[in-house]
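Using the sequences provided together with the hints, build the complete structure.
Each protein sequence line maps, in turn, to chains Y and F.
The opening position of the first sequence corresponds to residue 1 in our numbering, with each subsequent residue numbered one higher.
The opening position of the second sequence corresponds to residue 1 in our numbering, with each subsequent residue numbered one higher.
None of these hints come from the bench; they were simulated from the model.
For clarity, every value in this text was computed on a predicted model and none was experimentally measured.
Quick reminder that beta carbons are idealized off the backbone N, C-alpha and C, glycines included.
Don't take every hint at face value.
[To be verified] Label pairs and their in silico Cβ distance ranges:
id, chain 1, residue 1, chain 2, residue 2, range
1, Y, Ala201, F, Asn374, 29 to 37 Å
2, Y, Arg289, F, Arg109, 33 to 41 Å
3, F, Ala203, Y, Ala371, 54 to 62 Å
4, F, Thr101, Y, Arg354, 52 to 60 Å
5, Y, Pro122, F, Asp292, 18 to 26 Å
6, Y, Arg289, F, Gln224, 36 to 44 Å
7, F, Glu300, Y, Ala97, 51 to 59 Å
8, F, Ala203, Y, Ala201, 56 to 64 Å
There are 2 protein chains.
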Amino acid sequence: MTTDRTAYLVLASLTTPGSREVGSLIRRSGPAQALDQVLHGTGVSPQLTAALDASLKPNDRNPAVVDHIADDMLRRADRLGARIITPADDEWPPALADLATINHDPVHRDTHPPLCLWLRGPLRLAETLQQSVSVVGARAATAYGAYVTSEFAYGLAERGWTIVSGGALGVDVTAHRSALAAAGATIAVLACGIDKAYPAANAAVLQQIGDEGLLVTEWAPGTQPQKAQFLARNRIIAAATKGTVMVEAGSRSGARNALGYARLLQRAAMVVPGPITSAMSVGSHIELRQPDTVLVTRVEEIIEEIGSVAQPAPTGHRPDEVLDALQARILDAVQPHRATSAEQIAAAAGVSDRDAKRTLPLLAELGLVVASPNGYRRAGEPPAVHRERD
Amino acid sequence: MTTDRTAYLVLASLTTPGSREVGSLIRRSGPAQALDQVLHGTGVSPQLTAALDASLKPNDRNPAVVDHIADDMLRRADRLGARIITPADDEWPPALADLATINHDPVHRDTHPPLCLWLRGPLRLAETLQQSVSVVGARAATAYGAYVTSEFAYGLAERGWTIVSGGALGVDVTAHRSALAAAGATIAVLACGIDKAYPAANAAVLQQIGDEGLLVTEWAPGTQPQKAQFLARNRIIAAATKGTVMVEAGSRSGARNALGYARLLQRAAMVVPGPITSAMSVGSHIELRQPDTVLVTRVEEIIEEIGSVAQPAPTGHRPDEVLDALQARILDAVQPHRATSAEQIAAAAGVSDRDAKRTLPLLAELGLVVASPNGYRRAGEPPAVHRERD
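The structure is reproduced here in structure tokens:
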């Protein structure tokens with residue numbers, strides 16, 4: 001009996017990422033049944049059958065071999081210091097499921113959710129994405145673009161937002177670096193195998209992201225980056241986060257593709273304007289003339305757009321009722337009357353310094369803790385999240 | 001029997017420009033009756049009566065004196081090389097009537113249409129405003145703002161659009177100068193008397209606008225500019241034109257006030273973005289985050305927003321059916337097979353060079369004439385304005 005996880009892994013290894021046909025099969029019948037259909041060519045298109053016939057050896061349709069394919073992938077991940085997750089795993093980000101909803105758009109045919117993700121890094125994906133924003137833009141960023149990216153990514157990371165980008169030159173790498181500099185969480189979604197340092201100029205920072213943040217890709221090890229893969233990758237960047245900020249983009253920039261996905265997925269599509277005399281803002285201004293696109297100039301405006309774990313729909317809940325387990329644990333470790341450092345609070349809560357440093361500013365924004373030069377202490381009676389103005 | 005024109009003039013001389021009460025009286029009873037009520041204090045507020053009692057000599061309520069007040073104004077205009085128009089005159093721009101519609105807004109109480117306008121310059125006001133756009137912005141414009149203003153105002157003027165602005169330093173004066181440089185029409189709406197060159201640094205260009213374009217004000221000669229008058233003036237700039245382009249604005253710029261009026265009046269409210277690092281674009285970006293505000297980066301985008309005489313609502317009319325008398329006359333003077341210069345065409349049509357130079361690019365845009373290095377010739381069969389794309 002094939003488990004869902006194994007079925008996802010084998011389907012991922014046999015079919016093209018994002019395949020609409022495979023995605024639909026899985027939605028209809030579940031992954032194990034879908035794998036069975038794919039392997040035996042029942043109820044699948046001639047194109048898919050032909051593609052499999054070309055790549056599979058006759059023996060590959062044997063259930064034992066199926067397990068072997070999956071084991072092979074897992075061993076490969078292990079060797080690379082990576083891990084693989086599928087929609088059957090806890091670490092899988094639920095937001096990616098929204099990708100199945102945009103297939104009504106004829107120009108975005110193969111944009112189904114990935115079937116597996118290769119990960120490298122210490123962070124837990126689903127959890128880290130809960131409060132996340134994508135920052136994308138031109139590879140050939142100007143000094144202006146680099147400055148704005150750095151301000152925004154640092155400021156967002158400082159406030160506990162995970163910075164997601166594509167690991168590319170220019171805006172992407174500046175966003176990752178600024179998040180790391182703020183001791184924040186950052187995730188690079190790659191368009192190549194987890195074992196490729198692409199672009200080579202970013203090898204060191206990609207290594208650092210793998211050590212402190214998270215490298216993510218749906219492409220098997222060894223896969224070289226290709227144009228179509230960059231576009232496919234953008235759908236993950238857009239779907240995984242609450243919103244996408246585009247800092248600079250020439251008229252044909254790939255960043256516009258990511259922003260378009262954000263809009264299709266009804267995530268916040270945010271754009272930084274620039275001088276109309278700059279070629280690197282032409283794409284930004286084209287996007288800003290589209291509906292459902294928000295001009296942003298400050299970190300506060302971005303947070304206003306993407307909301308926060310701390311600001312759910314107005315339910316009238318008190319803020320301490322909307323905390324997740326980690327946040328509640330950290331809050332419990334904050335002293336009521338005496339400020340203690342983030343490190344002390346982390347130790348008391350039994351969480352990492354990083355987690356404490358990311359969470360405490362959020363708790364402060366919620367009015368649950370009070371920041372002071374000596375650290376944090378509990379606030380008095382926490383105010384309700386959604387109070388009427390009088 | 002007091003004529004409407006005389007009544008408007010006297011009401012203008014006795015009451016505050018934009019007065020909601022006087023505007024409403026006129027709407028209800030017409031100007032002659034409104035003047036009568038004002039002079040005799042019947043059905044008017046105690047405030048208005050008190051204000052008049054303070055300024056009128058007892059004898060002033062006599063009908064003969066009423067005529068004398070009007071005559072006095074006209075003589076004064078004459079002496080200054082100016083003229084006065086009222087809503088009773090042909091030259092009065094009908095668009096200003098829309099100002100009576102925004103009084104529902106409690107913060108814009110005294111924004112009624114002016115009762116008279118003092119003019120100096122060779123252009124006819126209503127006609128010149130038919131195809132007009134306001135270009136406003138910061139007094140302390142940056143080099144970027146000045147460059148963009150000049151590109152836009154020159155490009156719009158070249159295409160036959162009248163450039164309206166406030167004659168101030170920075171963006172305003174750059175807009176006026178660029179329109180003049182393009183041999184286009186430009187109108188400065190002043191916040192002081194027609195006899196004041198304010199600001200003094202712009203004296204020469206204001207003189208030139210009075211000689212080649214049009215100076216316009218609702219304030220009596222001798223009136224010094226004051227803060228409230230700048231705001232009142234902005235309502236006229238916004239109401240008189242099809243749309244307002246704001247090029248640069250600090251967070252507290254008066255240009256934002258003009259843009260706000262444009263929005264209230266349902267004119268196109270257009271804003272040029274800039275670097276988010278520039279204090280002179282802070283106000284621009286605040287406005288761009290408002291609904292009903294369009295980001296513009298090129299002259300074509302502005303024209304797309306404000307439409308044009310040449311692009312009316314899609315009626316299916318052929319373009320030569322939507323021309324006004326002047327445009328038709330100029331089109332008639334264009335040779336069918338041989339290009340002739342704008343000056344030759346002007347001479348053949350019996351119109352000014354300026355009119356021909358403003359109109360021909362428009363006719364070319366409509367596909368009615370073809371521009372070439374030697375001038376203009378008639379196009380073949382003109383295409384319909386609104387063709388389906390296939």
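Now for the hints, and whether the structure bears them out:
| no. | hint | result |
| --- | --- | --- |
| 1 | Ala201/Y with Asn374/F: 29 to 37 Å | violated, 54 Å |
| 2 | Arg289/Y with Arg109/F: 33 to 41 Å | holds, 35 Å |
| 3 | Ala203/F with Ala371/Y: 54 to 62 Å | holds, 56 Å |
| 4 | Thr101/F with Arg354/Y: 52 to 60 Å | holds, 58 Å |
| 5 | Pro122/Y with Asp292/F: 18 to 26 Å | violated, 47 Å |
| 6 | Arg289/Y with Gln224/F: 36 to 44 Å | holds, 42 Å |
| 7 | Glu300/F with Ala97/Y: 51 to 59 Å | violated, 42 Å |
| 8 | Ala203/F with Ala201/Y: 56 to 64 Å | holds, 57 Å |
The structure shown violates the earlier hints numbered 1, 5 and 7.
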